[in-house]
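With chain A fixed as given, assemble chain B onto it according to the hints.
Number of protein chains: 2
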Amino acid sequence: MKIVCNGLELSDAVLKVSKALGSKTTNSILEGIRLEAKDDTLTLSATDQELYIEKQIRAEVKLEGSTVVPGKFFCEFIKKLSGEQIELNLNDRNVLSISYTDSVVTIQCLPANEFPTMKSLSRDNYFDITSKDLRELIDKTIFSVATDDNRPVLKGALFEIEGSSISSVAVDGFRIALLKRTVQKASGDMSAIIPARSLSEISKLLEDDEDIITVYVEPNYLMLQIDNTSITTRLLNGQFIEYKQVLEKSSQASTVVTINKEQLTNTLDRAGLLSRIERNNLVRFDVTDKVMLVSAKSDLGDFKENITISLEGNDVSLDFNARYFTEALRVIDCEFLKLNFNGIAPCTITGVEDTDFTYLIIPLRRL
Amino acid sequence: MKIVCNGLELSDAVLKVSKALGSKTTNSILEGIRLEAKDDTLTLSATDQELYIEKQIRAEVKLEGSTVVPGKFFCEFIKKLSGEQIELNLNDRNVLSISYTDSVVTIQCLPANEFPTMKSLSRDNYFDITSKDLRELIDKTIFSVATDDNRPVLKGALFEIEGSSISSVAVDGFRIALLKRTVQKASGDMSAIIPARSLSEISKLLEDDEDIITVYVEPNYLMLQIDNTSITTRLLNGQFIEYKQVLEKSSQASTVVTINKEQLTNTLDRAGLLSRIERNNLVRFDVTDKVMLVSAKSDLGDFKENITISLEGNDVSLDFNARYFTEALRVIDCEFLKLNFNGIAPCTITGVEDTDFTYLIIPLRRL
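Just so you know, the protein sequences line up as chains A and B, in that order.
All residue numbers for the first sequence refer to this note's numbering, where the first residue is 1347 and numbers rise by one.
All residue numbers for the second sequence refer to this note's numbering, where the first residue is 1347 and numbers rise by one.
Next up, chain A with everything else stripped away, as it sits in the complex (with noise of 0.2 Å):
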């Protein structure tokens, strides 16, 4: 293998696959990224064996071939070069020079034909989705999804499509957050549960913006292209938590709490300060009319705040983990939200206009 390529582009590639790199492995190729050279295209790839990230960009290849080089190494070490045209040039016993302007490095790399190919995916099942909504889906949920390994399921979001509706739902067994929104286009409906992992670096590579893309959904794994950048992740499989009844149960409320976000947030943050303490997280809401107390007690000395609010329905106490408002209302965007109590079932954040999002947070109990 021998190329040149633009040093900008390259970085950028490596930079983009190495999300994929697996971490903490016993196969150390997991750890490397493959580089193809073919045609007039270098072709990068790196992948955990659950996430597969590739990438093509173009350069004047010399001689085909290819190879695995450390991807930590050779990420950082691309990142920090300024030189606008670099060569690769691989010799016969898999040791790759890296020139720049008059500079050389050389570094030992991995077998190429030990590195895992992806499967192509058929292209029959598929939806269209705008790269914002599609970002939102998953930044707005993501948060909620399980972290221990008690129901495997439950370390991904599911994503659900029905005629044009999009659902993101993530469910960590004491709190769900459910997104909403619009496909471009769908082949039909269709589920798949994302891991987490990979949701996160998806969303990294999405821009806020308008640009379509294309998700193409098998049992097993989904696809999608954002420019040059094709993502592959396998998928969860199993029975996911029944949520729709969870949160149908919950949409009867018998107390209606309308209240200031940024309000609400600030005296959780100054709250968390002593529910923090004592590692629970503990803060209680008390709902009378006109005010919601905030409160919270820690060897350090006891915390109170009042929050205006207008209520309808019946007063209300209860004990939450402050951390699982926090993080809801860090993704909502709204100005005014409501609080939906049912005496000690679980509390729902709905908007006063908005109908896209529900976050439900199941309330601790009390001796």
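Please note: incorrect hints may appear among the correct ones.
Identical copies look the same in the list; a pair holds intra-copy or inter-copy alike.
To be verified - Straight line, CA to CA, 27 Å or less: simulated DSSO-like cross-link-like pairs of lysine-lysine: (1) K1650 to K1408; (2) K1590 to K1607; (3) K1408 to K1526; (4) K1526 to K1607; (5) K1650 to K1418; (6) K1348 to K1643; (7) K1425 to K1550; (8) K1650 to K1425.
Hints were generated in silico from the structure; no laboratory data involved.
In this text, all values refer to a predicted model and were calculated from it rather than measured experimentally.
Just chain B, lined up with the frame of chain A:
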């Protein structure tokens, strides 16, 4: 104690004195901030017994008194308050109520009489210096201070005043950093070894401007005032290294290399990716006519980069710890530098025109 004060002023004051809070201490009073209300002033103080910071703000004092609040919590809490007016009210069980808008937080305080007092310094020995110069004297040498406990006196920087000249020197056994500046006024010649931790906190309080700072020096203490903040630090006692002799010896260079600072920085940055892997940061400099070859090696591969230089004197080949160069280069402002070699003697970095700084670095021994 009962006072009303401005929230922003209190927050700023708490943040400033908190830099002196003790951490990892077994004496919990040192983790507290002392509050004292008297006349129309609130005085805040914190100390770790080495550094003592005190700041005064205006307050409406309704009842004089003093207490010690838990420092970290109080600092974070006050920072998060957006209200203009804050009322602090201490009851007779030493519980402090912090009232703002229509909310109130109560915290258990520590006894004020257990808080260490700071001795007040005589004002006989002092020097005046601009804020900018004092900050540079700290920032451009402090990274060379010793971090191990072998010679405690080297865990500080030596400040020396002779006539109108002031110098700051830090030595860690492998390198020397020296910077010279001018004082505006001094009561006489003097010297002080200031602990690195105190220097670091003092630097954070200094602006990059021409304001004159007066520094008072006693055998065991040093005190300065920045706006309404007074900072007192203990000094280190003992025999500092005879750095002048070492620098004198190194001043006869048999090889003088003139090199572009940015190029050397970028090359060492890239070399570091390989040399850091072996954890010794070793790079080799091979100086020949017009070119300095910088090379590094690890199991991963070989690094070789040429930098164009202008050379006076003999060729030379030496190994160095790249970090010592990188840290010095980061604080040097010149475009071009001189590297002065003399066989296997230490290398010094000096300016081409600027004679105010000298960095000395000992080469690594080679088998």
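Going down the list of hints, with the structure as the test:
no., hint, result
1, K1650 to K1408, "between (72 Å within a copy, 24 Å between copies)"
2, K1590 to K1607, "within (25 Å within a copy, 63 Å between copies)"
3, K1408 to K1526, "neither (50 Å within a copy, 56 Å between copies)"
4, K1526 to K1607, "within (20 Å within a copy, 54 Å between copies)"
5, K1650 to K1418, "between (49 Å within a copy, 19 Å between copies)"
6, K1348 to K1643, "between (66 Å within a copy, 23 Å between copies)"
7, K1425 to K1550, "within (18 Å within a copy, 32 Å between copies)"
8, K1650 to K1425, "between (50 Å within a copy, 17 Å between copies)"
Comparing the model with each earlier hint shows a violation of hint 3 alone; every other hint is respected.
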